[in-house]
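Take these sequences, add in the hints, and give me the full structure.
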Amino acid sequence: MNREMTGESGEFAVRAEGLCRRFGALQAVRDLSFAVARGEIFGFVGPDGAGKTTIMRMLAGVLLPDKGEIFLEGIDVVAEPERAKPILSYMPQRFGLYEDLTVAENIFFYGELFELPWRVRRARARQLLQAAGLLSFERRLAGQLSGGMKQKLGLVCALLHTPKVLLLDEPTTGVDPLSRRDFWAILYNLRESGVTILFSTAYMDEAERCSRLALMHEGEIRLCDSPARLKAAMPGALLEVVSADPRAAHKALTGAPGVLGLLLMGDRVHVRVDNALRRKGELEARLLGEGVGPAAIQPIEPGIEDVFVALLGQEGAA
Amino acid sequence: MSPRRLFAMAFKESLQIWRDPRSLAVALLMPLMQMVLLGYGVSLDIKHVPLCVYDEERSDASRALVTSFLASGWFSAAKMLQSERAVREALDRGECIGAVTIPVDFSRVLASTGRAPVQAVFDATDTNTATIAIGYAKGVIALASADFAARWGAQHGLSAPRVGTIDLEPRVWFNEGLDSRNFIIPGVVAVILALVGAQLTSLTVSREWERGTMEELISTPVKALEVMLGKLAPYFAIGLFDAAFCLLSAVFWFDVPFRGSIATLGLTTGLFTLVVLGIGYLLSVRIKSQLGASQIALLLTMLPTTILSGYAFPIDQMPAAVRAITLFVYARYYVTILRAVFLKGSSLGDLLLPILALAATAAAIVWVAARSFRKRLD
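Chain order of the listed sequences is D and X. The numbering used here applies: residue 297 is where the first sequence begins, and numbers increase by one. The numbering used here applies: residue 64 is where the second sequence begins, and numbers increase by one.
Hints may contain errors.
[Said to hold, decoys possible] Calculated pairs, EDC-like style, for lysine to aspartate or glutamate (alpha carbon to alpha carbon, straight line, at most 16 Å):
#	chain 1	residue 1	chain 2	residue 2
1	X	Lys438	D	Glu504
2	D	Lys460	D	Glu378
3	X	Lys286	D	Glu378
4	X	Lys286	D	Glu597
5	X	Lys110	X	Asp123
6	D	Lys576	D	Glu597
7	X	Lys438	D	Glu376
8	X	Lys351	X	Glu273
9	D	Lys547	D	Asp521
10	D	Lys527	D	Asp501
11	X	Lys286	D	Glu376
12	D	Lys363	D	Glu516
[To be verified] Covered by chain X, according to a simulated footprint, are these stretches of chain D (three or more residues, beta-carbon under 8 Å):
#	stretch
13	358-364
14	391-402
15	408-419
16	583-589
It should be emphasised that the hints constitute simulated quantities derived from the structure, not laboratory data. Everything numeric in this text was worked out from a predicted model, so none of it was measured. Here a beta-carbon is modelled for each residue, glycine too, at the ideal position from N, C-alpha and C.
And the structure:
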């Protein structure tokens, strides 16, 4: 991720302009615009209900936007979704393969739908199954695979025809860490062949793997940049408070002077302050004064989650 | 249209049918069950009418009369009663459809005058059954009278039938019973095909929506027509197999005479199968829920096929308004064709009108079904 893709120059693999989609009273996606360069790994990050799935479906050409346009490799997806389908692959959030078919049968079926030459399909399937660690499961029913294996099989089927644009809707939700590692290894290998990957996730740590990511909230993109720049742009500095009673610490620090935001992260509290050096001592004193007990406070680098919370926290204050 | 994608769809669907016990049961066991049930169960003649007897006298003569009722085969003994009140109660409770009361002086009056009254009461809630049962009872009495008259005459030195000159109605009913099976069984084939065909396809698209496989399928280049034809192909094969099973058992098991041509039968059966599969598919596409689609499929196929097709209830005895409705009931044409081919040996030319009606329906339904599947989530 040393190459910063701003999406402002060169040819775009994906471009969306003014996308809107409403479901009854709910405005799922509002006036969304973004562009993704070829070979990028672009992430949509946000809580449930932020509109991530709706975007993915519209990009895949299975859901019409109310307004706006989408171009995939120059093809107008809104007007001609069927022309875009041979070059894209879409993995829905819910397992989309046939559980009553075996691994090999699912692969055969999807290979045929894309009219792959049989030899190509066999070679490609073998290579992908190996990378996914699924070679010995070819004859197993897809429904009898673990969650992680199912997602990897989904990826295998999605990549059989070597799409130009890969759309993954929360592909690693409920997947064990080991399978997740395999999954990402396959995705990284793809970048070299110029495949553009768009994925959505609710996991903040996964967002760090993107070349660029869009922070989403209530159907809008609030910030869109590389993870490094997003972190650099976060207002204030971050202090980590490690305490025996993080809940009490969280409570004690709420409303303290110079504190811009607080985030409880398991056994520690992330405190966003205006000035890390100046506030460190003040906070230590305050914790002792409130009877929370001794706590270790040190400055840390923000993660994407901190950026996200800072972004939404500002809104709450405004 | 890509033959490869079409074949892949058909192959995938076949594998799913093969691995789904519910589909297999509907496809293979249902026709067998229905054939037994409808072939044996639904016939217009009535046997074993439950009969209660209140024998006040209990003489040899009265017992002989009771025996002749039961030996006729039309009646079965429900209960022996001990009072007039019990007769009413048994009828009220539905324990029997008919009750025979033999008076206390039955044999004495019979011996002295040669005529004796016997009371028979019938539950006419179901007038049809009651009418038939009365016919049977008259027949039994007539036979018993003739038998008694012969003996009584012989004893008194008179020439035989002065009493028992009643016509033998049971023979009339018996013949009708024989006819009704030939009349009904060909129609049963239509009922079974309608039931099985639409049930199977009503699940095929809705299942993909429910299981979440449709979302990924519609993101591929597969065409709507390939999805439809690929999905229908295996069910069409199953439908023809079921039809062949039903038609063969009609001829070789139920001994229904087959006088027409197999080609005519094959062509029209193919058309009818297409219609019912198309209805199921259309519902499946529109409703997106397996339960909803299969329930409505049942309603749209079974109901008109059993009630409005003339399969059991003759169309020319329906009120004019209902008769007009039956013109739109596709099953009516197939039932007409089946009967004509089986019993009359009608040729393709004789049946041009119903065949055209069936073909037009098939074309219309397949056309609508093909157009209604959209590769969209909304």
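Take the C-alpha atoms of Lys286 of chain X and Glu597 of chain D, compute the straight-line distance between them, and say whether it is at most 16 Å. violated (51 Å)
Need the status of pair Lys110 of chain X, Asp123 of chain X: alpha-carbon distance at most 16 Å? Violated, because 27 Å separates the two Cα atoms, which is more than 16 Å.
Between Lys438 of chain X and Glu376 of chain D, does the CA-CA distance stay at or below 16 Å? Cα-Cα ~12 Å, so holds.
Three residues minimum, CB to CB under 8 Å: does the stretch 391-402 of chain D make the cut for coverage by chain X? Let me know. Holds: 8 residues of the stretch 391-402 of chain D have a Cβ under 8 Å from chain X.
State whether the coverage of the stretch 358-364 of chain D by chain X holds or is violated, taking the criterion as 3 or more residues with Cβ-Cβ distances under 8 Å. That given contact holds, which follows from 3 residues of the stretch 358-364 of chain D lying within Cβ reach (below 8 Å) of chain X.
Quick check: do three or more residues in the stretch 583-589 of chain D have a beta carbon closer than 8 Å to a beta carbon of chain X? Three-residue rule not met by the stretch 583-589 of chain D, so violated; n is 0.
Against the 16 Å threshold, does the CA-CA distance of Lys286 of chain X and Glu376 of chain D hold or violate the hint? holds (13 Å)
Does Lys576 of chain D pair with Glu597 of chain D here, judged by a C-alpha cut-off of 16 Å? holds (15 Å)
Please work out if Lys438 of chain X and Glu504 of chain D have their alpha carbons no farther apart than 16 Å. violated (34 Å)
Okay, the stretch 408-419 of chain D and chain X, do three or more residues pass the C-beta test at under 8 Å? Satisfied; 4 residues make the cut.
Restraint check for Lys363 of chain D with Glu516 of chain D, where alpha carbons must lie at most 16 Å apart: This hinted pair holds, its Cα atoms lying about 14 Å apart.
Measure nothing beyond the straight line between the CA atoms of Lys527 of chain D and Asp501 of chain D; if it is 16 Å or shorter, mark the hint as holding. Holds - the C-alpha atoms of Asp501 of chain D and Lys527 of chain D are around 13 Å apart, at most 16 Å.
In terms of the numbered hints stated before, the structure departs from hints 1, 4, 5, 9 and 16, listed from lowest to highest.
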